[in-house]
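As a plain string of letters, each chain reads:
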Amino acid sequence: MSEHFKNELVTNLPNIATTPFQKIDKKYFKVISINFFLITLFICIGLFLLQQFFFSESILKYNIYEYIGVILFSFIFYLYFFLAFPKRKYALREKDISYKSGLLFLKTTTVPFSRIQHVETDEKPISRIFKLASLSVFTAGDSSDDLVIKGIKKQEALKIKEFISSKINA
Amino acid sequence: MHNSYTFSEFSKQSPKGIFIIYVAEIYRAIKLFWIFLFILFKDYSKFSSYGVNYIYLGVVLLLLLLFLRAYLIYINFQYKIAHQHFILEKGILKKTLIEIPFHRIQNINFKQNIVQQIIGVFEVSIETAGSKDTEIAIKALSLEKAETLKATITQGQKLVNKVVEEENLEPIVKISFFDLLRVSLTENHLQNLFLFFAVVIGFFNQIQQISDSFGQSEALDGYISESTSNLSESIVLVTILVILLTVIALLSSFVKVVLIHFNLSAYLKDDAFEINQGLLTKKSIVLKKQKIQNVTISTNPLKRLIGISFITFKQAVSGKVNNKKKEKLIRLVGCKKQQIEILKKSVFHELSVEKSVKQNPDSYYKKILFFWTGLFLLICYTVIFYFINHIEVFYSLLVIIPVTTLLLLKKVKKRCYQISEEMLIVGKGLLETHLTYLDIFKVQHIKIKQSIFQKGSNVADLVLQTASGKIEIPCIAYQEAIKIYNHTLYKVETSNAPWM
Chain L
4 MSEHFKNELV TNLPNIATTP FQKIDKKYFK VISINFFLIT LFICIGLFLL
54 QQFFFSESIL KYNIYEYIGV ILFSFIFYLY FFLAFPKRKY ALREKDISYK
104 SGLLFLKTTT VPFSRIQHVE TDEKPISRIF KLASLSVFTA GDSSDDLVIK
154 GIKKQEALKI KEFISSKINA
Chain B
5 MHNSYTFSEF SKQSPKGIFI IYVAEIYRAI KLFWIFLFIL FKDYSKFSSY
55 GVNYIYLGVV LLLLLLFLRA YLIYINFQYK IAHQHFILEK GILKKTLIEI
105 PFHRIQNINF KQNIVQQIIG VFEVSIETAG SKDTEIAIKA LSLEKAETLK
155 ATITQGQKLV NKVVEEENLE PIVKISFFDL LRVSLTENHL QNLFLFFAVV
205 IGFFNQIQQI SDSFGQSEAL DGYISESTSN LSESIVLVTI LVILLTVIAL
255 LSSFVKVVLI HFNLSAYLKD DAFEINQGLL TKKSIVLKKQ KIQNVTISTN
305 PLKRLIGISF ITFKQAVSGK VNNKKKEKLI RLVGCKKQQI EILKKSVFHE
355 LSVEKSVKQN PDSYYKKILF FWTGLFLLIC YTVIFYFINH IEVFYSLLVI
405 IPVTTLLLLK KVKKRCYQIS EEMLIVGKGL LETHLTYLDI FKVQHIKIKQ
455 SIFQKGSNVA DLVLQTASGK IEIPCIAYQE AIKIYNHTLY KVETSNAPWM
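In the order they appear, the protein sequences are chains L and B.
Just so it is clear: in the first sequence, position 4 is 7 by this note's numbering, and no numbers are missing.
Just so it is clear: in the second sequence, position 199 is 203 by this note's numbering, and no numbers are missing.
Just so you know, these hints were derived from the structure itself, not from any lab.
Among the hints, a few may not be true.
[To be verified] So the derived label-pair ranges between C-beta atoms look like this:
no., chain 1, residue 1, chain 2, residue 2, range
1, B, Ile43, L, Asn66, 50 to 60 Å
2, B, Tyr390, L, Phe58, 20 to 30 Å
3, B, Pro502, L, Tyr70, 55 to 65 Å
4, L, Leu16, B, Lys414, 50 to 60 Å
5, B, Leu76, L, Ile129, 51 to 61 Å
6, L, Ala87, B, Ile239, 49 to 59 Å
7, B, Thr285, L, Ile171, 35 to 45 Å
8, B, Thr10, L, Ile171, 35 to 45 Å
[What the hints assert, rightly or not] Listed below are several chain B residues computed to face chain L (Cβ distance under 10 Å; list not exhaustive):
no., residue
9, Thr152
10, Thr156
11, Ile157
12, Gln159
13, Val351
14, Val447
15, His449
16, Ile452
17, Ser455
Since the model is a prediction, treat every value here as computed from it, not as a measurement.
Virtual Cβ for every residue (Gly too), placed ideally from N, Cα, C.
Please take these sequences and the hints and turn them into a complete structure.
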């Protein structure tokens, strides 16, 4: 193979940096928001219960600050999610699938179809309301951080799954 | 080869297997009940002679039951070979039928623990990559039968793979006892010392838990606090301790190396390695070249002095890489330079990558390493100073800072990579030096990571995921990372060679 493939050709290889990436469905941000709201709510309820039953008098004076702290903290997180959301993108090429994400820590992962062991789509309860699904692909070895694309339309996810399956079996 | 066994009919293990299973069952029972035994021996005098008789009776009954169980396990364990499948039937009440197609079999290994050595039978384990339940162990087979079984399966595989067999029975690596001594002297003693203490501490924890439950913790605690207060007072004791630790470290290295690698010999066959080693448990491993995911050649300053290094072969694992899977790391210790060369040449088709330019990470790597270490030291010293309020504490920095700086510089220097058309070499290490060789097409997926700070310096981390774990190249120029990224994908997507 090395005879008719020269190193200079590298510049002509399909380039991941110039590949057009597609954003995930906008509706998924609603899912994130709802999840976020629920978690914050749970923390607030937990805090309330703690204050009612466990905290001593000396701490109770700062009640209001605790709530402000929790809400401020989650607001910062929420802002981060909001800003990072447009960075979640995926690209499907002829021979591989890629996903990138992250605002402060950018990450790009590519999995070639020829190395995929199996593909999975699943719908979490809240995502189902918006008819969204997540697509996971698994490779051999330690599969803990293989590629997962959350928040694409269910139809689209199934289509991609079908496409990849046909490529694996080919 | 022996044609006396065809394996077309179901056959059982060697009858000696009953005894092997029996011993294994007794061992298992002791492991389960050793706490009771411990109590029994401790308070032996407290039992009246009447009670002792009952205990003896109980033990005899248990031994009989275990023998019955061993017999039943033996009777119900049978295997055969049919249409390119290995078929196993086992289980006393819960019957299990396992069928493995030949091409899924990764390794056939022979093993002999001390009992099996005495009786003269071999344990044959059949390893598959994939689901973990299909690791099969046939506990007792005669050598003849075991070899025939192996030959039958490998020949069956050959039919599939169409490889011509040509045996070369000259070992490429053979380590004598004296060599092994040298190997053990140059081991990473610090690591072995930690390992030793981990085992000891684990053991003491267990004992303490038992004595706790009997309300005797004060005695033990008193003993410990007494000895610690003595310790801090006496310098002599500290010196003795240091000498003792050194001896323990050397001994534990020696014992570990001898136990695992005794009589190590490796044979090179056309498409596989055969490795034999072990003192109490003799192991014979067949390692297919094709299934090797990557190879790491490691050495340390001591080993370099006498010109040896060790080589680690990594095979594909499935699921999480946990401790049990560590067995799939196959290590050859004490290889000389020319042996390493032979091994490398036989695993990889071409090694032009070694001639390519050695590239180091961006200076950003050095900066970030020093930054984090500095921060860590700062936090450590703040905490220490908070508890020990003496300014003298900071005198230790006179030693710590130069040593850490030196170590970090070494670490930076050892971080490097070389890349060619087909292959990649990644170097790393602190005191030891590890060079990992990887066929690019065996990569499973690839990842590029860049923090916002790295973006400012225009560098990125590259993570290559193989079937036997991650290989990371930190902090290289972004353009370079993208180039390797694209090249790797190109290689993976155009190659037709099986990665496993």
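To see whether the hints hold, each was checked on the structure:
no., hint, result
1, B:Ile43 to L:Asn66: 50 to 60 Å, "53 Å, holds"
2, B:Tyr390 to L:Phe58: 20 to 30 Å, "27 Å, holds"
3, B:Pro502 to L:Tyr70: 55 to 65 Å, "60 Å, holds"
4, L:Leu16 to B:Lys414: 50 to 60 Å, "36 Å, violated"
5, B:Leu76 to L:Ile129: 51 to 61 Å, "53 Å, holds"
6, L:Ala87 to B:Ile239: 49 to 59 Å, "58 Å, holds"
7, B:Thr285 to L:Ile171: 35 to 45 Å, "40 Å, holds"
8, B:Thr10 to L:Ile171: 35 to 45 Å, "38 Å, holds"
9, Thr152, "32 Å, violated"
10, Thr156, "28 Å, violated"
11, Ile157, "23 Å, violated"
12, Gln159, "27 Å, violated"
13, Val351, "18 Å, violated"
14, Val447, "8 Å, holds"
15, His449, "4 Å, holds"
16, Ile452, "5 Å, holds"
17, Ser455, "5 Å, holds"
Checked against the numbered hints above, the structure violates hints 4, 9, 10, 11, 12 and 13; every other hint is satisfied.
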